[in-house]
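K.L.:
Next come the chains, spelled out residue by residue.
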Amino acid sequence: MKSKNKGKDFGIFALPGMFCFFAVVIIPFIYGVYLTFTDWDGVAEVKNFIGLANFQKVIEDHEFWTSMLLTFKYVILVVLLVNIIAFAIAYLLTRGFKGQNFFRAGFFTPNLIGGIVLGYIWQFVFSRVFVNIGESTGWSLFEASWLSDPNKAFAAMVLVSVWQLSGYMILIYVAGFMGLSEDVMEAASIDGASGWLKMRKIVLPLMMSSITICLFLTLSRAFMVYDVNLSLTAGGPYGTTEMAAMHVYEKAFTSRQFGAGQAEALILFIVVACISGLQVYLTKKQEVEA
Amino acid sequence: MNQKKIGGTKRKVQNVIAMAVLIVIFITYMFPFLMVLINSLKQKRDIIKSPFSWLFTIKGLSFDNFVNAFNQMDFLNAFKNSLIVTVSATVLVTILGTMLAYYIVRHNNKISKITFALMVASMIIPFQAIMIPLVSIYGGTLNILNHRITLIFMHTGFSMAMSVFMFHGFIKGNVPIALEEAAYIDGCTHIQTFFKIVFPLLKPTISTMVILNAMSFWNDFLLPSLVLTDKKLLTLPLSTYSFYGTYSADYGTIMAGLLLCVIPIMILYVALQKQIIGGVVAGAVK
Amino acid sequence: MKRKMAAKVIAAGLVVAMTAVGLSGCTFGFASDPDDPNEVEEEIPIDMSVDSFQYDSSLNGTSITLLNSKAEIQVALEEMGKVFEEKSGVHVEVMPVTDGESPYTKVVSLYNSGTPPTLSILDTTDVIALAEEKGEDLSGENWTAEAEDYLTKVNGKVYSFPLCIEGRGIIYNKAAIEEALGEEFDPSSIKTREDFTEILEELVAAGVEKPISVAKEDWSLGAHLLQYIYETYDGTSAGAQEIIEEIKDGSLDLESYDRMTGFLDTFDVLKKYNVAKADPLGADYDEMAIDLADGKTVFWVNGNWAWPNLEEAGAEKEDEYGFLPFFMSDDETDFANQMIQGSPSKQIMMDGQMASEEEKAAAREFLNWIVYSEIGQQMLVNTCNLIPPFQNNPYEPADPLSRDIYEKVQRGEAFNASAIVPNDHWSVLGAAMQKYLAGRSDREELIGSIEDYWAEQE
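Protein chains in written order, with the working numbering: chain A, 45 to 334; chain B, 2 to 287; chain C, 2 to 459.
In case anyone wonders, no lab produced these hints; they're calculated from the structure. Computed from a predicted model, the values in this text were never measured in an experiment. Hints should not be assumed to be uniformly reliable.
[Stated by the list, open to error] Subject to a maximum C-alpha distance of 27 angstroms in a straight line, what follows is the list of computed DSS-like cross-link-like pairs (lysine-lysine):
id	chain 1	residue 1	chain 2	residue 2
1	A	K245	B	K11
2	C	K297	C	K318
3	C	K273	A	K196
4	C	K278	B	K50
5	C	K192	A	K196
6	B	K204	A	K142
7	A	K329	B	K173
8	B	K232	C	K83
9	A	K329	B	K114
10	C	K88	B	K232
11	A	K328	B	K173
12	B	K50	A	K196
13	A	K52	B	K50
14	B	K173	A	K52
15	B	K173	A	K245
16	C	K361	B	K233
17	C	K297	B	K50
18	B	K197	A	K142
19	C	K192	C	K272
20	B	K111	A	K328
21	C	K249	A	K101
22	B	K13	A	K242
23	A	K91	C	K158
24	B	K233	A	K52
25	B	K11	A	K242
26	B	K233	B	K81
27	C	K83	B	K81
28	C	K192	B	K50
29	C	K361	B	K232
30	C	K211	A	K196
31	A	K328	B	K204
32	A	K328	B	K114
33	B	K197	A	K52
34	C	K278	A	K196
35	A	K52	B	K114
Using the sequences and the hints given, assemble the complete structure.
P.N.:
And the structure:
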């Protein structure tokens with residue numbers, strides 16, 4: 045593009061989109077960061093500058109770090125499971141099956157339901173449907189509600205998140221597979237004996253850009269899990285499944301330590317930024333230019 | 002049919018196994034949805050005492066829940082609100098997002114780099130962290146809450162990062178610069194080139210993003226609940242609020258209301274799915 | 002090919018089924034009355050013929066907002082707002098707070114957005130947190146004289162309107178007990194924890210294996226149950242405050258505090274006879290209502306707000322349900338064993354910061370209308386199904402639970418002690434109580450968490 049058009053191009057192409065983004069996300073975020081240095085409680089008229097006192101509180105908040113640890117555990121499980129399952133299903137769904145469109149629509153349905161409602165449905169399934177099945181079949185797995193045992197409640201969180209996120213990721217992986225040429229797909233699927241090898245040597249490298257995106261999305265979403273946490277387990281039983289984002293929210297609004305909550309949100313953000321930055325850097329290196 | 006034989010029996014067996022696996026996973030995926038469908042037709046007592054029993058064994062099977070959900074939600078009005086917000090925001094974010102992504106790909110300058118980095122980073126900001134600052138800026142300072150247009154603007158802003166990110170990847174990989182150069186030689190302006198050459202090439206990604214964005218706008222609860230308080234402006238998810246009580250939930254109505262909310266977006270998905278495939282096939286055949 | 006056909010048929014079937022469901026929903030929707038299942042059935046019609054209330058005609062056309070955090074009366078409040086508008090010309094927009102967001106969060110975000118509700122229904126702790134910063138001083142209102150015992154004061158001033166009295170204890174289903182035992186049941190004969198344990202034993206012997214329902218919800222365990230240890234100190238709010246201060250500064254040893262041990266002894270009895278003993282944290286609130294109405298259980302530890310659930314589960318207004326106190330000891334003369342806890346849990350705060358004078362006047366009129374107009378009085382009791390804290394309200398609640406509380410209040414068999422605890426008390430200590438209920442912690446650990454919680458408070 046010619047240089048004299050630069051300003052005009054910027055104005056037409058970039059500015060409107062940037063304006064929306066900056067006005068809605070960046071400015072409030074900066075304002076939010078500023079609030080972490082004040083003693084504002086969300087209500088008061090005056091905001092006093094108190095320096096790093098809120099961050100001091102965060103360091104002392106053991107429950108925050110416990111919830112961070114739990115979140116790490118959860119994120120690792122969810123990221124692995126979601127991507128393996130979504131990749132495999134997307135692969136099966138792009139093999140030219142009859143009726144694959146129907147399946148694709150089906151796998152996508154979890155995404156049609158918003159997070160909070162989805163958690164309620166699963167809560168209903170875990171606490172009523174499964175228990176009901178347990179009563180009539182005597183299966184010990186379903187004897188008691190999963191949500192009343194810390195480990196099983198955690199498993200339920202992972203299960204529901206995998207169920208929900210994999211639908212989204214299937215869509216991206218399917219798009220990725222469809223972007224591959226027919227030859228690659230044929231090559232990868234015809235020969236059963238060396239199929240696995242070809243998958244690794246040919247398909248996987250070509251799919252790296254989709255994998256980068258999906259890993260990034262699952263990572264950040266899993267770290268930010270809130271809706272499902274709230275409506276499925278509400279942090280229970282007795283606070284054992286409270287993830288970082290939920291803790292932040294509780295801190296700010298239930299315990300009414302707005303500044304400390306905002307500071308915890310900032311720390312959470314920095315942690316996630318570092319981890320996903322590292323992930324994108326590492327997987328980008330594996331990508332081959334298409 | 003002849004074509005199939007090339008692959009041989011082995012492939013057939015493979016296919017059957019793959020199909021079986023798919024069906025099993027599929028049923029697992031659909032299970033909660035099936036529960037919603039079945040229980041939306043039952044009375045509360047049956048839902049609680051025997052959620053798993055099939056329709057025909059239940060006495061009080063009825064459409065009452067749907068009637069109640071429909072009336073309590075003021076369905077037609079909420080549907081209209083949701084439609085206006087979702088369609089406007091989706092169109093806006095698609096056009097502005099593709100343009101911004103295109104600019105960032107083709108202009109490798111500082112502004113592009115910084116904007117793109119900020120966008121990627123912003124995707125991991127917890128919404129709770131900007132919720133209060135957001136309302137205090139738009140409500141307290143600017144005082145423009147409680148308008149549909151504010152909500153549309155915010156939806157656009159919040160989904161911008163993700164959309165630009167996706168479009169950016171696609172433009173970088175799949176839109177050859179040679180095509181554009183040819184267009185400039187033919188005397189097209191940048192805008193014309195973009196809408197005539199680049200935009201149509203983005204069709205597969207656009208379809209995907211339209212679905213993803215439309216869905217999140219359609220289902221979003223937290224943001225609209227902060228922006229809209231006027232009853233006449235409520236969107237579908239907001240209109241189901243009254244089914245969730247403090248102490249217990251009205252399961253039957255919730256499930257019926259849920260289906261009423263989901264059906265329109267389901268239809269959009271089924272419609273657009275053909276587009277996605279169509280776009281890809283057209284690209285492959287060329 | 003068959004596969005494809007099958008898939009297509011299923012797909013088509015699914016779509017058709019869903020659309021059919023949707024469509025018939027629509028047509029039914031238009032054809033039927035807008036009958037609302039959430040609405041409390043108005044068996045007692047509101048008598049509109051007499052209305053001696055003086056409306057201020059200058060307020061005609063004013064519009065006020067009312068934030069409602071009591072979801073179960075949303076429809077009733079809308080109804081009330083409509084009637085008030087017809088009479089006074091003041092429009093009342095009732096805004097709900099949904100499950101998943103706390104009333105406090107909602108109010109705070111509304112203040113930040115510059116559109117706070119004129120009136121907000123809040124819990125007492127929220128009122129205390131917001132009152133001096135945002136609330137309008139209501140100390141001079143006439144209705145304060147009608148509900149003197151139920152006012153909440155912040156530094157000597159009244160900032161909130163007590164909307165209702167809520168009582169809690171152990172709900173019994175009289176008919177179910179009598180059927181099981183084959184003899185008359187007189188609730189007043191149960192005077193101590195010992196008597197209570199005895200009747201439980203009799204019930205078990207008579208075939209009611211697990212006679213009690215105990216909710217697992219943290220608000221129930223952490224707020225409604227655990228707070229007995231503060232509230233029964235001497236049955237007053239001041240006493241509750243005193244004991245909290247003593248726990249805070251460490252001068253009271255909880256291990257040997259008789260209300261603590263007394264509370265836990267009774268709680269252990271509840272645990273032992275809990276219908277969900279095998280999986281106490283899997284208990285479902287709606288199922289507990291059904292079980293009690295069906296007579297599968299005969300007791301439910303809860304409050305009068307449980308009535309809509311019981312009614313939905315099949316209980317009738319004529320059925321005999323009522324409350325036993327939450328026994329704290331084996332001493333017959335202990336007031337906690339004779340009286341039931343009944344206090345104003347929900348309060349209406351008026352915005353004193355952003356509201357215009359006209360809006361404030363309209364809001365004042367609405368509150369006065371609830372207290373003084375014949376229609377408002379009736380609607381508070383019969384439409385909203387609340388127990389009025391105002392002595393000038395002649396109407397009696399219609400459902401058995403509220404009526405029992407109402408009568409106990411009238412007879413002086415209720416004590417009003419509100420423990421003012423920090424907002425996260427119910428969730429933090431509710432979790433500790435859940436752990437104890439599930440048998441995953443012992444008394445020592447539970448008491449330890451209570452002490453830790455208070456030690457952290459400033």
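K.L.:
Now, for every hint given, state plainly whether the structure supports it.
P.N.:
Here's how the hints hold up against the structure:
At most 27 angstroms may separate the alpha-carbon atoms for a hinted pair to count; A/K245 and B/K11 meet this at roughly 22 angstroms. For the suggested pair C/K297 and C/K318, the alpha carbons sit about 19 angstroms apart, so the restraint of at most 27 angstroms is met. The straight-line distance between the Cα atoms of C/K273 and A/K196 is roughly 24 angstroms, inside the 27 angstroms bound, and the hint therefore holds. Of the supplied pair hints, the one linking C/K278 and B/K50 holds, its CA atoms being roughly 18 angstroms apart against a limit of 27 angstroms.
Of the pairs offered as hints, the one joining C/K192 and A/K196 is violated, with about 42 angstroms between alpha carbons and a cut-off of 27 angstroms exceeded. A distance of roughly 24 angstroms separates the Cα atoms of B/K204 and A/K142; the hinted pair therefore holds under the 27 angstroms criterion. Using a Cα cut-off of 27 angstroms, the hinted pair A/K329 and B/K173 holds, with the two alpha carbons roughly 16 angstroms apart. Between the alpha carbons of B/K232 and C/K83 the distance comes to roughly 15 angstroms, so the proposed pair stays at or under 27 angstroms and holds.
For the hint linking A/K329 to B/K114, the alpha-carbon distance of about 19 angstroms falls within 27 angstroms, and the restraint holds. The straight-line distance between the Cα atoms of C/K88 and B/K232 is roughly 22 angstroms, inside the 27 angstroms bound, and the hint therefore holds. A C-alpha spacing of about 14 angstroms is found between A/K328 and B/K173, which places the hinted pair at or below 27 angstroms, so the restraint holds. For the proposed pair B/K50 and A/K196, the alpha carbon gap of about 23 angstroms is at most 27 angstroms, so the pair holds.
Taken as a hint, the A/K52 and B/K50 pair is broken in the structure, with Cα atoms around 66 angstroms apart against an allowance of 27 angstroms. Restraint check: the Cα-Cα separation between B/K173 and A/K52 comes to about 22 angstroms, which is no more than 27 angstroms; the hinted pair holds. Straight-line distance between C-alpha atoms of B/K173 and A/K245 comes to about 23 angstroms, which keeps the hinted pair within the 27 angstroms bound. Using a Cα cut-off of 27 angstroms, the hinted pair C/K361 and B/K233 holds, with the two alpha carbons roughly 24 angstroms apart.
Annotation: proposed proximity of C/K297 to B/K50 holds, straight-line Cα distance about 13 angstroms (limit 27 angstroms). With a CA separation close to 34 angstroms, the supplied pair B/K197 and A/K142 exceeds the 27 angstroms bound. This hinted pair checks out: C/K192 and C/K272 have alpha carbons roughly 20 angstroms apart, not beyond 27 angstroms. A C-alpha spacing of about 21 angstroms is found between B/K111 and A/K328, which places the hinted pair at or below 27 angstroms, so the restraint holds.
Using a Cα cut-off of 27 angstroms, the hinted pair C/K249 and A/K101 holds, with the two alpha carbons roughly 20 angstroms apart. Distance restraint check for B/K13 and A/K242: the Cα-Cα separation of roughly 20 angstroms lies within the 27 angstroms cut-off, and the hinted pair is therefore satisfied. Proposed proximity of A/K91 and C/K158 is supported: the alpha carbons are some 26 angstroms apart, at most 27 angstroms. Distance restraint check for B/K233 and A/K52: the Cα-Cα separation of roughly 41 angstroms exceeds the 27 angstroms cut-off, and the hinted pair is therefore not satisfied.
At most 27 angstroms may separate the alpha-carbon atoms for a hinted pair to count; B/K11 and A/K242 meet this at roughly 17 angstroms. A hinted pair counts as satisfied when its Cα atoms are at most 27 angstroms apart, and B/K233 with B/K81 qualifies at roughly 10 angstroms. For a cut-off of 27 angstroms, the pair hint linking C/K83 to B/K81 stands: about 25 angstroms separates their Cα positions. At roughly 35 angstroms between alpha-carbon atoms, C/K192 and B/K50 are farther apart than 27 angstroms, so this suggested pair is violated.
For the hint linking C/K361 to B/K232, the alpha-carbon distance of about 22 angstroms falls within 27 angstroms, and the restraint holds. A C-alpha spacing of about 26 angstroms is found between C/K211 and A/K196, which places the hinted pair at or below 27 angstroms, so the restraint holds. Between A/K328 and B/K204 the CA atoms are separated by roughly 25 angstroms; this keeps the pair inside 27 angstroms, and the hint holds. Between the alpha carbons of A/K328 and B/K114 the distance comes to roughly 16 angstroms, so the proposed pair stays at or under 27 angstroms and holds.
Of the pairs offered as hints, the one joining B/K197 and A/K52 holds, with about 19 angstroms between alpha carbons and a cut-off of 27 angstroms not exceeded. Between C/K278 and A/K196 the alpha-carbon distance is near 18 angstroms, which keeps this suggested pair within the 27 angstroms criterion. Proposed proximity of A/K52 and B/K114 is supported: the alpha carbons are some 19 angstroms apart, at most 27 angstroms.
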